[in-house]
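Colleague: Construct the complete structure from the given sequences, taking the supplied hints into account.
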Amino acid sequence: MPADERARELAVRAAQAAAAKKGEGIVALDVADRLVLTDVFVIVGAESERQVRAVVDAVDEEMHLAGARAVRKEGTNEARWVLMDYGDIIVHVQHAEDREFYALERLWKDCPVVELPDLSGIAAAADDPVGQREEA
Numbered sequence: 001m002p003a004d005e006r007a008r009e010l011a012v013r014a015a016q017a018a019a020a021k022k023g024e025g026i027v028a029l030d031v032a033d034r035l036v037l038t039d040v041f042v043i044v045g046a047e048s049e050r051q052v053r054a055v056v057d058a059v060d061e062e063m064h065l066a067g068a069r070a071v072r073k074e075g076t077n078e079a080r081w082v083l084m085d086y087g088d089i090i091v092h093v094q095h096a097e098d099r100e101f102y103a104l105e106r107l108w109k110d111c112p113v114v115e116l117p118d119l120s121g122i123a124a125a126a127d128d129p130v131g132q133r134e135e136a
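Residues in the sequence shown are numbered consecutively from 1, following my numbering.
There may be inaccurate statements among the hints.
[Stated by the list, open to error] Simulated DEER-style distance windows between Cβ atoms:
{"id": "1", "residue 1": "Gly121", "residue 2": "Glu9", "range": "32 to 42 Å"}
{"id": "2", "residue 1": "Arg53", "residue 2": "Leu104", "range": "11 to 21 Å"}
{"id": "3", "residue 1": "Ser48", "residue 2": "Ala103", "range": "33 to 43 Å"}
{"id": "4", "residue 1": "Asn77", "residue 2": "Glu5", "range": "13 to 23 Å"}
{"id": "5", "residue 1": "Pro117", "residue 2": "Pro2", "range": "14 to 24 Å"}
{"id": "6", "residue 1": "Arg6", "residue 2": "Glu61", "range": "16 to 26 Å"}
{"id": "7", "residue 1": "Glu105", "residue 2": "Asn77", "range": "24 to 34 Å"}
{"id": "8", "residue 1": "Arg50", "residue 2": "Asp110", "range": "30 to 40 Å"}
{"id": "9", "residue 1": "Leu119", "residue 2": "Arg53", "range": "29 to 39 Å"}
{"id": "10", "residue 1": "Gly67", "residue 2": "Arg106", "range": "31 to 41 Å"}
{"id": "11", "residue 1": "Asp33", "residue 2": "Glu9", "range": "11 to 21 Å"}
{"id": "12", "residue 1": "Pro2", "residue 2": "Ser48", "range": "19 to 29 Å"}
[As the list claims (entries may be wrong)] Cross-link-like lysine-lysine pairs, in silico, DSSO-like; alpha carbons within 30 Å at most:
{"id": "13", "residue 1": "Lys109", "residue 2": "Lys22"}
{"id": "14", "residue 1": "Lys73", "residue 2": "Lys22"}
{"id": "15", "residue 1": "Lys109", "residue 2": "Lys73"}
Just so you know, these hints were derived from the structure itself, not from any lab. Don't be surprised by glycine CBs; every beta carbon is placed ideally from N, CA and C.
Modeller: Structure representation (structure tokens):
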């Protein structure tokens, strides 16, 4: 049975929050048929420990606004690979080196990808204060 609508909604919101903090290579995988624990993995890359923390904080804030409470968080002290478990979804925020090494997408490659909206403009919009963007 594929991930339910709530899990998909949370995955999109988590991805958007991560993108706003320049999270990279964001992907969501429907693991509902493979795991009993959760429905969707959201995997995000970050270039530094500081950026990992920024992404984690943004995702956590967005999940709070969505009414999802973290059941568990691991790895926040080291900020190399932070796992945030919200029940319906688990968000993995990984330092780029760790993401390449552990290759979660390859490990879960048989799982369907959850379609995410275009996230490319989100980081740019977050950097551009309202009224500061020049019209092209």
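Colleague: Taking the hints in turn, state whether each one holds.
Modeller: Against the structure, the hints come out as follows:
1. Checked against the given bound of 32 to 42 Å, the beta carbons of glycine 121 and glutamate 9, roughly 20 Å apart, lie outside it.
2. The beta-carbon spacing between arginine 53 and leucine 104, approximately 20 Å, falls within the hinted interval of 11 to 21 Å.
3. Between serine 48 and alanine 103 the CB atoms are about 20 Å apart, so this pair departs from the stated range of 33 to 43 Å.
4. Evaluation of the 13 to 23 Å hint for asparagine 77 and glutamate 5 yields a failure: the beta carbon distance comes to about 34 Å.
5. Checking the proposed 14 to 24 Å range against proline 117 and proline 2 shows it holds: the Cβ atoms sit about 18 Å from each other.
6. Roughly 19 Å separates the CB atoms of arginine 6 and glutamate 61, a value that falls within the hinted 16 to 26 Å.
7. In this structure the hint that glutamate 105 and asparagine 77 lie 24 to 34 Å apart at CB holds, the actual value being about 25 Å.
8. Range check, arginine 50 to aspartate 110: about 34 Å between beta-carbon atoms, so the 30 to 40 Å window is met.
9. With their beta carbons about 20 Å apart, leucine 119 and arginine 53 fall outside the hinted range of 29 to 39 Å.
10. As the Cβ distance of glycine 67 to arginine 106 is approximately 33 Å, the hint placing it in 31 to 41 Å holds.
11. Between aspartate 33 and glutamate 9 the beta carbons are some 19 Å apart, a value that agrees with the proposed interval 11 to 21 Å.
12. At roughly 35 Å, the beta-carbon separation of proline 2 and serine 48 lies outside the given 19 to 29 Å, and the hint is violated.
13. Restraint check: the Cα-Cα separation between lysine 109 and lysine 22 comes to about 24 Å, which is no more than 30 Å; the hinted pair holds.
14. A distance of roughly 21 Å separates the Cα atoms of lysine 73 and lysine 22; the hinted pair therefore holds under the 30 Å criterion.
15. This hinted pair checks out: lysine 109 and lysine 73 have alpha carbons roughly 24 Å apart, not beyond 30 Å.
When held up to the earlier numbered hints, the structure conflicts with 1, 3, 4, 9, 12 and fits the remainder.
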